[in-house]
Amino acid sequence: MESDFAIIGGGVVGLAVAWGLLKRGHKVTVIDGDDGSFRASRGNFGLVWVQSKGIGRPEYARWSQRSVAEWRPFSDELEGNTGHRIALAQEGGYDFHFSEETLADTVRKYEVLKAQLGGNYPYEILGHNELRKEEPEIGPKVVGAILHHQDGHANPLKLLLSLADDVRRLGGKIWNGKTVQSVKHDGHFRLKCSDGRIVEAGKVVLSAGLGAATLGPKMGFMAPVRPQRGQVLITEKLPKFINRPSLIARQVNEGGVQIGATNEEVGYDDNVTLRGLAGLARTAVETYPLLARAKLVRSWGALRVLSADGFPIYQESKKMPGAYLVTCHSGITLAAAHARILPDWLEGKAKPTDLEVFGEDRFVSA
Amino acid sequence: MLEADLVVIGAGPAGMSASRTAAEAGLTVVLLDEQLRAGGQIYREVENAAPVRGDILGADFVDGLSLVRALEHPNITHVKGAVVWQIEDRTTVAYSINGVASFVIGKRLLIATGALERPMPVAGWTLPGVMTVGAAQILIKQSGMVLDKAVLAGCGPLLYLTAAQMCRAGARPLALVETQSMADLFFSLRHGLGAIRGWRDLAKGLGLLAELRRAGVKRYTGATAIAIDGETSVEALRFRTNGQEHRLECATVLLHHGVVPNTQAALSIGAAHEWREQQRAFAPITDEWGGTPIDEVFIAGDGAGVGGAVVAALAGEISACQVACGLGAITDEQRDKAAGPLRRRLRRELAIRPFLDRAYPPYAEAVSPADDTIVCRCEEVTAGAIRRFARLGCIGPNQAKAFGRLGMGPCQGRCCGLTVTELLASENARSPDQTGYYRIRPPIKPVTLQEMASVAEEGEQEITRET
Amino acid sequence: MKTASSVRRLQTPEQLVSIQFAGAEVKVREGGNLAAELLAAGVSPFRETPVSGAPRNPYCMMGACFDCLVEIDGVARQACMTEVVAGMTISRHSAVRESDNA
Numbered sequence: 001m002e003s004d005f006a007i008i009g010g011g012v013v014g015l016a017v018a019w020g021l022l023k024r025g026h027k028v029t030v031i032d033g034d035d036g037s038f039r040a041s042r043g044n045f046g047l048v049w050v051q052s053k054g055i056g057r058p059e060y061a062r063w064s065q066r067s068v069a070e071w072r073p074f075s076d077e078l079e080g081n082t083g084h085r086i087a088l089a090q091e092g093g094y095d096f097h098f099s100e101e102t103l104a105d106t107v108r109k110y111e112v113l114k115a116q117l118g119g120n121y122p123y124e125i126l127g128h129n130e131l132r133k134e135e136p137e138i139g140p141k142v143v144g145a146i147l148h149h150q151d152g153h154a155n156p157l158k159l160l161l162s163l164a165d166d167v168r169r170l171g172g173k174i175w176n177g178k179t180v181q182s183v184k185h186d187g188h189f190r191l192k193c194s195d196g197r198i199v200e201a202g203k204v205v206l207s208a209g210l211g212a213a214t215l216g217p218k219m220g221f222m223a224p225v226r227p228q229r230g231q232v233l234i235t236e237k238l239p240k241f242i243n244r245p246s247l248i249a250r251q252v253n254e255g256g257v258q259i260g261a262t263n264e265e266v267g268y269d270d271n272v273t274l275r276g277l278a279g280l281a282r283t284a285v286e287t288y289p290l291l292a293r294a295k296l297v298r299s300w301g302a303l304r305v306l307s308a309d310g311f312p313i314y315q316e317s318k319k320m321p322g323a324y325l326v327t328c329h330s331g332i333t334l335a336a337a338h339a340r341i342l343p344d345w346l347e348g349k350a351k352p353t354d355l356e357v358f359g360e361d362r363f364v365s366a
Numbered sequence: 367m368l369e370a371d372l373v374v375i376g377a378g379p380a381g382m383s384a385s386r387t388a389a390e391a392g393l394t395v396v397l398l399d400e401q402l403r404a405g406g407q408i409y410r411e412v413e414n415a416a417p418v419r420g421d422i423l424g425a426d427f428v429d430g431l432s433l434v435r436a437l438e439h440p441n442i443t444h445v446k447g448a449v450v451w452q453i454e455d456r457t458t459v460a461y462s463i464n465g466v467a468s469f470v471i472g473k474r475l476l477i478a479t480g481a482l483e484r485p486m487p488v489a490g491w492t493l494p495g496v497m498t499v500g501a502a503q504i505l506i507k508q509s510g511m512v513l514d515k516a517v518l519a520g521c522g523p524l525l526y527l528t529a530a531q532m533c534r535a536g537a538r539p540l541a542l543v544e545t546q547s548m549a550d551l552f553f554s555l556r557h558g559l560g561a562i563r564g565w566r567d568l569a570k571g572l573g574l575l576a577e578l579r580r581a582g583v584k585r586y587t588g589a590t591a592i593a594i595d596g597e598t599s600v601e602a603l604r605f606r607t608n609g610q611e612h613r614l615e616c617a618t619v620l621l622h623h624g625v626v627p628n629t630q631a632a633l634s635i636g637a638a639h640e641w642r643e644q645q646r647a648f649a650p651i652t653d654e655w656g657g658t659p660i661d662e663v664f665i666a667g668d669g670a671g672v673g674g675a676v677v678a679a680l681a682g683e684i685s686a687c688q689v690a691c692g693l694g695a696i697t698d699e700q701r702d703k704a705a706g707p708l709r710r711r712l713r714r715e716l717a718i719r720p721f722l723d724r725a726y727p728p729y730a731e732a733v734s735p736a737d738d739t740i741v742c743r744c745e746e747v748t749a750g751a752i753r754r755f756a757r758l759g760c761i762g763p764n765q766a767k768a769f770g771r772l773g774m775g776p777c778q779g780r781c782c783g784l785t786v787t788e789l790l791a792s793e794n795a796r797s798p799d800q801t802g803y804y805r806i807r808p809p810i811k812p813v814t815l816q817e818m819a820s821v822a823e824e825g826e827q828e829i830t831r832e833t
Numbered sequence: 834m835k836t837a838s839s840v841r842r843l844q845t846p847e848q849l850v851s852i853q854f855a856g857a858e859v860k861v862r863e864g865g866n867l868a869a870e871l872l873a874a875g876v877s878p879f880r881e882t883p884v885s886g887a888p889r890n891p892y893c894m895m896g897a898c899f900d901c902l903v904e905i906d907g908v909a910r911q912a913c914m915t916e917v918v919a920g921m922t923i924s925r926h927s928a929v930r931e932s933d934n935a
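Protein chains in written order, with the working numbering: chain A, 1 to 366; chain B, 367 to 833; chain C, 834 to 935.
Please keep in mind that the hints were generated in silico from the structure rather than gathered at the bench. Do not take every clue at face value.
As the list claims (entries may be wrong) - Which residues of chain A face chain B? A partial, calculated answer using Cβ under 8 Å:
| hint | residue |
| --- | --- |
| 1 | GLY36 |
| 2 | ASP165 |
| 3 | VAL272 |
| 4 | LEU277 |
| 5 | ALA278 |
| 6 | GLY279 |
Glycine residues also receive a C-beta, built at the ideal position from the N, C-alpha and C atoms.
Start from the sequences and build out the full structure, keeping to the hints where you can.
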């Protein structure tokens with residue numbers, strides 16, 4: 001057998017899983033798409049994030065927290081192996097509010113979640129003046145913020161690069177520029193690619209992002225994933241003035257300020273729009289007024305991979321045992337868990353706690 | 367907010383001639399140009415420069431005056447100093463003047479953004495004192511300034527023209543270090559018939575060479591291993607010819623090995639492009655009128671494929687005829703009657719191109735630079751790093767950009783895009799067409815967040831209109 | 834600042850005006866192209882790169898390369914796309930280095 005595992009999709013999700021499996025001594029082949037494929041891994045915001053996740057679904061908050069706790073050793077190991085700088089910072093992050101009402105409303109939700117998590121939800125509420133001590137450039141319209149101490153951020157592109165590099169170093173094979181057309185299961189798996197290449201493997205992980213929508217059903221999954229567009233913009237390199245990341249803006253280690261993000265249901269359209277970018281720019285300037293004079297150098301639109309309820313899907317195929325669907329829209333936050341915890345389940349052990357609820361059964365209407 | 371039948375981006379020969387033709391047909395035209403005076407790069411500042419420096423710059427330059435003067439037409443609104451940064455809904459164009467943003471909505475859009483000099487990455491090309499040959503020419507045209515103690519390196523007719531202009535201005539270059547070989551010239555003669563049809567251009571070229579000889583400008587041909595020495599600025603140019611090493615001390619190095627279509631605006635709206643092997647560059651796919659698969663959008667001039675100023679002016683007129691016809695200002699017969707003679711002249715003017723492309727091919731060592739040569743000037747990414755990204759599975763420039771920040775700086779890939787495509791294509795043994803180009807996104811030029819935000823406030827209604 | 838290249842005016846302008854570049858007074862032609870005028874006045878380098886601190890001067894003079902970036906009123910501008918106005922105050926763009934943003 002060429003491989004123990006074939007991973008369909010070479011984004012952050014697929015590569016993190018591949019890396020974890022390689023470290024456990026498995027032979028792994030990753031099949032990756034084209035340069036122009038829809039790639040959430042190249043378009044995301046880079047948050048390693050806990051707050052606001054899992055409201056109404058505490059298992060998701062716990063899973064995120066487990067990953068965030070694994071992120072430091074994960075990133076240290078990757079940096080040590082490859083020399084690339086992932087620039088992880090886990091010194092907390094903000095949810096900014098422009099009105100007392102939205103702030104109070106969010107706090108109410110966080111308190112419910114905190115109780116569900118047994119109190120492990122370390123956040124504090126900062127009024128404008130307290131916030132100003134932490135973030136001197138904050139604008140007068142920001143009435144306050146929720147500072148969550150488990151939040152942080154990293155350079156998502158360097159994470160992708162490090163994984164691509166280290167998966168090869170560990171002996172993983174990555175086939176680029178290929179699309180899997182069919183999957184046959186007969187004791188083992190035979191994957192046929194668009195260029196005729198056959199990849200054989202004992203098990204298969206489908207982590208193809210939006211590609212799972214077409215390939216998933218052929219493998220016995222429901223794979224109810226849809227695209228949701230996020231537009232993001234980034235400024236020229238600026239002297240450091242933002243200390244902690246937020247859902248509105250974060251200063252990346254190279255100096256640029258990344259500003260995000262829209263949530264738009266526009267199908268498979270990853271273009272940016274004048275209105276989308278202008279709205280983001282306006283909010284960013286209200287948050288940090290000195291950004292008004294900063295030059296915007298790049299923008300992009302990327303498609304989030306959202307399931308029907310927005311939560312991840314971890315499912316083994318009933319039709320093809322040994323085939324696993326792994327998909328989520330927080331590939332960066334969950335990368336450490338995907339690399340260090342998830343392989344237990346892929347190896348055939350019990351599904352990690354908290355993940356039982358993320359099967360596809362939840363999409364079957366009663 | 368402005369409205370017009372036709373919005374033209376770029377007041378070079380194509381944009382100017384298209385504007386005039388469309389205006390004469392009765393269309394309203396908004397002509398956006400980032401310079402304060404019309405002319406484009408070829409006729410840069412021609413109204414000011416022609417009277418005082420016409421003798422230095424030559425008759426072909428002075429010819430541009432008529433195109434600029436033709437912009438004086440009641441139907442043409444020439445918006446000066448307008449930096450276009452986003453095109454949306456096919457024909458809505460956002461731009462800024464002195465940091466104040468606005469936008470214009472047209473029924474049709476003509477992209478006439480001209481050419482860029484092909485990037486020429488060689489060791490030391492980022493040092494102060496290294497400029498493009500085009501930059502030296504712009505200094506003469508616009509500012510009446512010359513560069514002393516200069517060496518011109520690379521190839522192509524612009525090298526000869528600029529060197530001659532420098533001589534006339536009393537700033538004789540120290541030398542021309544030319545990269546084309548005798549073999550290039552030999553094979554180009556296979557295009558002899560075309561060259562004969564373009565005999566006027568050939569004669570001009572031979573005239574320039576004779577002028578340089580008379581002025582005593584030293585020429586080296588078949589140069590390889592070009593590198594620029596210097597700590598904080600240029601000190602010398604090194605190169606090899608016929609197995610011999612040379613080192614010329616100089617204060618300025620001017621680089622040039624051809625021009626390529628400036629495709630940023632067209633790429634930003636998703637217009638399809640193809641690789642043209644003859645010109646070693648991407649160009650948009652257009653029909654015989656400069657029309658694109660995006661119905662309302664046209665591309666004319668060097669931006670649609672390099673042909674030079676005269677060709678660009680003709681192409682602009684041809685596109686304008688189709689735009690006027692499409693909007694009902696002229697009939698099909700009127701359009702065809704006008705376009706016929708324009709096309710015949712176009713063919714004549716293009717005759718010399720295959721000869722030029724073959725006689726002056728891009729400098730091979732700048733198409734595939736040494737590992738330690740910087741390719742992306744903004745982010746200082748070397749050719750070696752890009753080759754490494756290829757080995758990490760980057761089959762196209764966008765994954766490489768994500769891995770290594772190439773093309774992420776303020777120039778947005780203008781100075782590295784073609785080199786990156788060629789490098790990845792070569793490393794992966796794929797064609798440039800398969801390899802592709804950077805996905806170009808707005809803003810086409812950097813814009814402040816305030817400008818971006820102000821557009822939302824100015825016209826939320828207009829910019830969200832249905833198409 | 835030392836003169837990087839030998840940029841020479843073909844004609845001496847009738848009058849020069851003063852502007853400030855990085856704290857120093859520079860004499861230039863009113864209405865002239867800022868990049869050209871700074872070069873003629875011997876300014877070098879225009880800036881240092883944020884990645885390695887390497888010196889840069891104007892390269893393309895047509896708004897494509899962004900190597901002539903300067904800062905005017907707190908905004909990054911391309912000097913080659915800017916007209917000289919008497920009294921303008923220009924600072925070197927982006928003294929920030931990536932390592933400062935650790």
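Each hint tested on the structure:
Nearest Cβ of chain B to the Cβ of A/GLY36: about 7 Å, under the 8 Å cut. The hint holds. This hint holds: A/ASP165 has a C-beta 6 Å from the nearest C-beta of chain B, less than the 8 Å allowed. The criterion of a C-beta within 8 Å of any C-beta in chain B is met by A/VAL272, whose closest approach is roughly 6 Å, and the hint holds. Given the 8 Å rule on beta carbons, the hint for A/LEU277 holds: about 6 Å separates it from the nearest Cβ of chain B.
Of the supplied interface hints, the one on A/ALA278 holds, with its beta-carbon coming within about 3 Å of a beta-carbon of chain B, less than 8 Å. For A/GLY279, the suggested interface contact is upheld, since its CB lies about 6 Å from the closest CB of chain B, less than 8 Å.
In summary, this structure violates none of the numbered hints.
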